[in-house]
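Let's have the full structure, built from the sequences with the hints guiding it.
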Amino acid sequence: MQQIKNFIMAFRGHSPRVISIPKHNTVVTNIDRITVNTDFVKNTLYIGYESQMQNTLRFLNGITLFLIEDIDDFSIPNKNDNCIVVFPRDTDLDELTEKCASLISNQNLVFEDTYILLDAFLSQEKLQDIIEVAAQTINNPIAILDNSYKVIASSATCTTDDFQWNDIISRGYCSYEFITMFSNIEEIKNETKLNQPFFTGCLASPLRRCISRLTVGWNHMGYLLSIEANGRISERNLIFLQVLSRLLAKMIDAGNRAVGGKLYSDYGSVLLDCLNGNFSDRKTLLDCMKNTSFKLNSRYYILVIDIGLYNNTYDIRVDHLREHINQVFKGAISVSYMNDAVILFESGMTEKEMMEYLSKHRDYYAKNKLRIGFSDSFDDLFLSRKYHDQTIRILKLLAKLNPSECIVSYEDYKLYDLMLSGLKKYKMDIKGYISRECASIIEYDQQNDTRYFETLYYYIQFNRNLKCTADKLFIHKNTVSYRISRARELFNIDLEDAEVRLKFSYSYMLQELLKADLFD
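The sequence shown runs contiguously to residue 767 in the numbering used here.
Treat the hints with care, since some could be wrong.
[Claimed, not checked] The calculated lysine-lysine pairs, modelled on DSS-like cross-linking and capped at a C-alpha distance of 27 Å, are:
| hint | residue 1 | residue 2 |
| --- | --- | --- |
| 1 | K252 | K397 |
| 2 | K270 | K252 |
| 3 | K346 | K373 |
| 4 | K750 | K643 |
| 5 | K643 | K762 |
| 6 | K661 | K750 |
| 7 | K633 | K577 |
| 8 | K542 | K497 |
| 9 | K643 | K397 |
| 10 | K616 | K542 |
| 11 | K616 | K397 |
| 12 | K252 | K289 |
| 13 | K616 | K647 |
| 14 | K599 | K542 |
| 15 | K647 | K762 |
| 16 | K346 | K270 |
| 17 | K616 | K762 |
| 18 | K616 | K436 |
| 19 | K607 | K661 |
| 20 | K599 | K719 |
| 21 | K661 | K643 |
| 22 | K671 | K724 |
| 23 | K633 | K530 |
| 24 | K397 | K497 |
Since the hints were made in silico from the structure, they are not lab data. Here the structure is a predicted model, which means the values were calculated and not measured.
The following block contains the structure:
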């Protein structure tokens, strides 16, 4: 009943109430006012008052009704499969009828456009051919981006002289600077209008863009873009683009799933299919990689750069971040995935060496408000998705636990991830896992505005070194010494006991997770 849902959206200013929507899909092509002599048939939208249907409705089945309230106790039979939408009492019958007639008239025009689209789908083999037909139908250029912001099709017969549009089309992908700007568009960021085209402006161009998400269920396939190069995109065009988006999303999804027997020359496509879980088994992956020079026995890292807060002061036409990636991670494969920069980096470095290597570029990441995380090293490309997911988790942990830091390794946050995953999975109460000794110190600190628990934790972490603890807490080492002595008196703790030190370590980590609201 997508057609009726579109009608209801058009009347949302009238606050209509949907009483019933049938399971079957009925398309209405005509409109009629309800009278005493009305002979009800399917595929017609009937408009009138509740009182006109009070004694008739129980005899009807599969009928579409828009009714205006005019009685207090309007009863709806449960057994009949009718579509019934009720409008408030103050709704004008003539206005409602006229607007519905206009909507149906426009819908019939869209059916003509959709027939052209369906004919193109059945007669053309390539996505490109369908895009050409669609662009000619709306008389404006169209481009399709996949979920990695790669241009997979664009109209050649319907073009524009817009510099930014042509720059993206010519290079075949979007810069990370453009992706940052694009992903911060309100409708994109909040994932509203999932299946509805919407308009947005562009600082670099006076021409409006029309954007539509390509989704199958909750799976994001990419975006359909159009630009008002040759004229305004009409309401009729918007409905056509909505249908086109649904068709293209299904086509792209089917293509993504059909990876068996496909030979790759584009390394980025291999990585994206790995990240999307499109390979059913290792053999399928190996067969598809025959055309590449991937080294199957090498050690790899997955690195993820979170560009959500990217301090994008660069021209969006200049791919500054991609240039940085190419210089720092020579020979690596990088793709845009889930609005992050994802890098598959072949390296024999240890985790410690990788951290030291990335730290050389700390100023660059900090200046540009970028966070970069890297996974454990691995040698099985089939498991790329697993190592990507662990990197995403630690970036989220870093943002909560240490937001001033910009580089993180999974090795450093592995225990946090274990705790968080296990406690979330079994829906356990985190407070119950903090040791009793530590819980009593935490409670004392909260009641007396002291910092014994934090001081004891860092004192243990720094192997009971007063100076290192003092430097970490930005206090004098005599203050640390006093707090340790006083804590021993108050809580009767033995810091020489290895088990006590272990309790402090894991309890502090649990307390950090709790304070960061990571269990909500």
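Open item on the list: Against the 27 Å threshold, does the CA-CA distance of K252 and K289 hold or violate the hint?
Closed with: 17 Å, holds
Open item on the list: Please verify whether K661 and K643 have alpha carbons no more than 27 Å apart.
Closed with: Distance ~13 Å between K661 and K643 Cα, so the pair holds.
- [ ] Assess, step by step, whether the Cα of K671 is no farther than 27 Å from the Cα of K724, and give holds or violated.
- [x] With Cα atoms ~39 Å apart, K671 and K724 exceed 27 Å; violated.
Open item on the list: With the threshold set at 27 Å, check whether the alpha-carbon distance from K346 to K373 stays at or below it.
Closed with: 39 Å, violated
TODO: Given the hint that K252 pairs with K397, test it: the Cα-Cα distance must not exceed 27 Å.
DONE: Violated - the C-alpha atoms of K397 and K252 are around 32 Å apart, more than 27 Å.
Open item on the list: Can you confirm whether the C-alpha distance between K616 and K542 stays at or below 27 Å?
Closed with: 33 Å, violated
Open item on the list: Please verify whether K616 and K647 have alpha carbons no more than 27 Å apart.
Closed with: Distance ~15 Å between K616 and K647 Cα, so the pair holds.
- [ ] Starting from K616, check that the Cα of K436 is at most 27 Å away, please.
- [x] 18 Å, holds
Open item on the list: Please verify whether K633 and K577 have alpha carbons no more than 27 Å apart.
Closed with: 23 Å, holds
- [ ] For the pair we were handed, K607 and K661, check the Cα-Cα distance against 27 Å.
- [x] Cα-Cα ~23 Å, so holds.
- [ ] Measure nothing beyond the straight line between the CA atoms of K270 and K252; if it is 27 Å or shorter, mark the hint as holding.
- [x] 13 Å, holds
Task: K643 paired with K397 [C-alpha distance capped at 27 Å] - done: 26 Å, holds
Of the numbered hints given earlier, the model fails hints 1, 3, 8, 10, 22; all others are met.
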